[in-house]
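Protein sequences appear in the order of chains S and C.
This note's numbering numbers the first residue of the first sequence as 1 and each following residue consecutively.
This note's numbering numbers the first residue of the second sequence as 1 and each following residue consecutively.
In short, the hints are calculated from the structure, not lab data.
Treat the hints with caution; some may be incorrect.
[As the list claims (entries may be wrong)] Pairs of lysine to any residue, SDA-like flavour, derived with a Cα cap of 25 Å:
no.	chain 1	residue 1	chain 2	residue 2
1	S	2	C	61
2	S	2	C	69
3	C	2	S	75
4	S	2	C	151
5	C	2	S	128
6	C	2	S	80
7	C	2	S	69
8	C	2	S	160
9	C	2	S	58
10	S	2	S	18
11	S	2	C	134
12	S	2	C	9
13	S	2	S	13
14	C	2	S	2
15	C	2	S	13
16	S	2	C	141
17	C	2	S	10
18	S	2	C	158
19	C	2	S	59
20	S	2	C	139
21	S	2	C	62
22	S	2	S	116
23	C	2	S	141
24	S	2	C	13
25	S	2	C	19
26	S	2	C	12
27	C	2	S	177
28	S	2	C	68
29	S	2	C	160
30	C	2	S	76
31	S	2	C	65
Computed from a predicted structure; not experimentally measured.
Letter by letter, the chains look like this.
2 protein chains.
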Amino acid sequence: MKTGTRRVYSGRVLNLDIDTVSFPDGATGELEMVRHSGASAVVPVFTASAADPEILLIRQFRHAADGPIWEIPAGRLDPGETPEACAARELTEETGEHAGRLTRLATFYTTPGFTDERIHLFVARDLVRGEHRREADEFIETRRISLSRALEMIRTGEIVDGKTIVALLFFSRFGLPV
Amino acid sequence: MKTGTRRVYSGRVLNLDIDTVSFPDGATGELEMVRHSGASAVVPVFTASAADPEILLIRQFRHAADGPIWEIPAGRLDPGETPEACAARELTEETGEHAGRLTRLATFYTTPGFTDERIHLFVARDLVRGEHRREADEFIETRRISLSRALEMIRTGEIVDGKTIVALLFFSRFGLPV
């Protein structure tokens with residue numbers, strides 16, 4: 001249980017708090033906690049009825065990875081924005097595709113040892129092509145590939161982004177919620 | 001490309017840097033980057049030959065989630081420690097099980113938008129029971145369940161931890177590397 005908190009950094013993407021926490025045995029300690037507004041990520045599916053549908057991946061430079069990596073479209077929730085609206089907006093901004101239908105897949109904690117960030121996963125179908133509106137610091141290429149090929153990229157380590165691995169393996173295993 | 005950096009926080013689990021970065025188009029900007037030493041996580045498997053093996057999950061209180069969540073054993077790399085040694089150590093510390101064999105599954109970025117943390121995933125087999133040595137702030141219960149039951153907990157949202165979802169879906173889909 002949190003008994004106190006001290007904000008040591010307020011930033012653009014995240015805030016950093018040092019929380020004072022009391023543990024179940026009555027002891028207290030300090031925990032570093034990155035506060036994050038959460039994000040949505042979306043698997044764009046072109047042929048949802050097929051056994052091996054085509055999906056859209058993006059490749060963008062990630063400073064954390066010191067190079068470009070493959071991902072699904074994603075981004076942070078704006079203040080007051082719903083996860084579904086965020087998913088629709090980021091899909092269009094990053095790829096130019098508009099989602100005719102968005103279906104929620106799952107929500108997970110990215111790394112709960114030090115951040116409260118949760119990512120909400122969606123599948124986008126009935127896609128309609130438009131114009132992307134990328135932010136100044138986004139350098140993105142897109143590629144349509146089969147789901148089976150993307151899964152092979154997970155197996156071989158070509159795809160290393162956590163949310164992308166969760167989304168594609170989850171969708172492949174469980175399909176869409178009924 | 002990083003052209004400068006400023007450390008705004010140095011902590012126990014993480015450091016926070018503001019990096020000055022030049023983008024592919026020549027523009028420059030600042031990025032908040034949580035520096036993390038990386039972690040290992042391990043799927044403890046009791047009956048690796050079976051079609052639906054028993055695995056071990058832990059349930060621990062996570063301040064980030066404001067409650068207990070299901071996970072696989074995991075923890076941060078000590079300075080100079082290999083991912084494999086970390087996986088073996090954390091498994092024993094958190095569950096009391098010793099791994100007769102450790103096999104690497106995959107490595108992924110937890111959330112590359114704001115941290116360089118990578119988690120190295122392993123499967124532990126030939127387990128031998130010993131005594132756990134939990135840290136003061138770890139309050140953990142363990143449960144042996146079938147892999148199929150754990151996958152069902154992913155589908156229904158009872159398991160919400162990213163590394164656990166990646167590890168179990170990856171292991172279920174691809175098995176062990178040959």
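Provide an ascending list of the numbers of those earlier hints which the structure does not satisfy. Numbers 4, 5, 6, 14, 25, 27, in rising order.
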